[in-house]
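Chemist: Mapped onto the working numbering, the consecutive letters of the sequence shown carry residue numbers 375 to 692.
Quick caveat, the hints were computed from the structure, so don't treat them as lab data. Think of the CB as a built atom: it goes at the ideal place given N, C-alpha and C, for glycine as much as any other residue. The reader is advised that the hints may include incorrect statements.
[Claimed, not checked] Within a straight-line C-alpha distance of at most 30 Å, the following computed DSSO-like cross-link-like pairs (lysine-lysine) qualify: (1) Lys639 to Lys525; (2) Lys556 to Lys497; (3) Lys474 to Lys497.
[What the hints assert, rightly or not] Now the in silico label distances, taken between C-beta atoms and shown as ranges: (4) Glu449 to Glu588: 46 to 54 Å; (5) Arg579 to Ser666: 26 to 34 Å; (6) Glu685 to Glu618: 40 to 48 Å; (7) Arg477 to Glu685: 39 to 47 Å.
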Amino acid sequence: MERLIFPPYLQEGDRVVILSPSGKIDKSFLRGAKKRLNEWGLDVVVAAHAGSAHGNYAGSIKQRLEDLQRALDDEKAKAILCSRGGYGAVHLVGKLEFEKFRRYPKWLIGFSDITALHNVLQKEGFASLHALMARHLTVEPEDDYCSKALKDILFGHLTPETAEAVGTDAHEGFFYTCPAHKLNHKGEAKGILRGGNLAVAYGLRGTPWDIPAEGSILFIEDVGERPHAVERMMYSLKLGGVLERLSGLIIGQFTEYVENKSLGKELYGALADLVKEYDYPVCFDFPVGHVSMNVPLINGAPVTLEVGKKETKLRFNI
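Let the hints inform the model, and build the full structure from the sequences given.
Modeler: Right, here's the structure in full:
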């Protein structure tokens, strides 16, 4: 179980670049995210093509690649906030260079389609932040739990004395808890936290940017996918030997689909049947996904997953 490299935590005055590697975005969300990050004391740079449009994309492949490569190479930048997901990040996979990034590593922040970029960063040996993006920073209030958690993680405020949003323990580091679910498989496991959007990760199966299974605690979420499509993707992981090699599994929020019991039961129930043969802990209904309670997760962090009778605890061993 090899820990990935953590980029440096941020300090007041540090530079953050906002860019759009996937879908086009309403420019009001770019302005809103910039305002919120400025309020955190950060110097915000909006990339040249962040508000561009090329069909459904935020600019052509060349423009999006140019913005991301420039941000990766930026010696002063300490974080990159992806403005939104959608589709398009896969266009950039295999085209990025990391020579300068290795000398000046920085946090990549985003979720959904940004899962593809998290996979790229992990292949290069770096942790990244599966977390909220520009719209959330714009529309949610200042005291929003997930926004405060993101800020605390970025600034390294993860001690009992300073953490405001995430749970903390003097001996355990920071952690999240969520209520027990009737389908959970109780147990405790250690591993490297990896994952994100199921469909995006599935699209990279069999490539050099596939998520490694051995020693991983995998988390998954998705939006707008029909139940049988989710089951099909999970069977691919099962038949490919991925699920059996995991250390643990976190099933997050699957949203914006019709629960029509086409699988003979509800989606969570079908997934529970699919993984019931494995001995590791499985957590259902974890707060990650296309919902307002989308807690920031450090992709590539060593964690302990404790699935108990009354609650689930995900502890970051950092």
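Chemist: Tell me the hint numbers this structure goes against, listed in increasing order.
Modeler: Hints 1, 2, 4 and 6 are the ones this structure does not satisfy, whereas the remaining hints hold.
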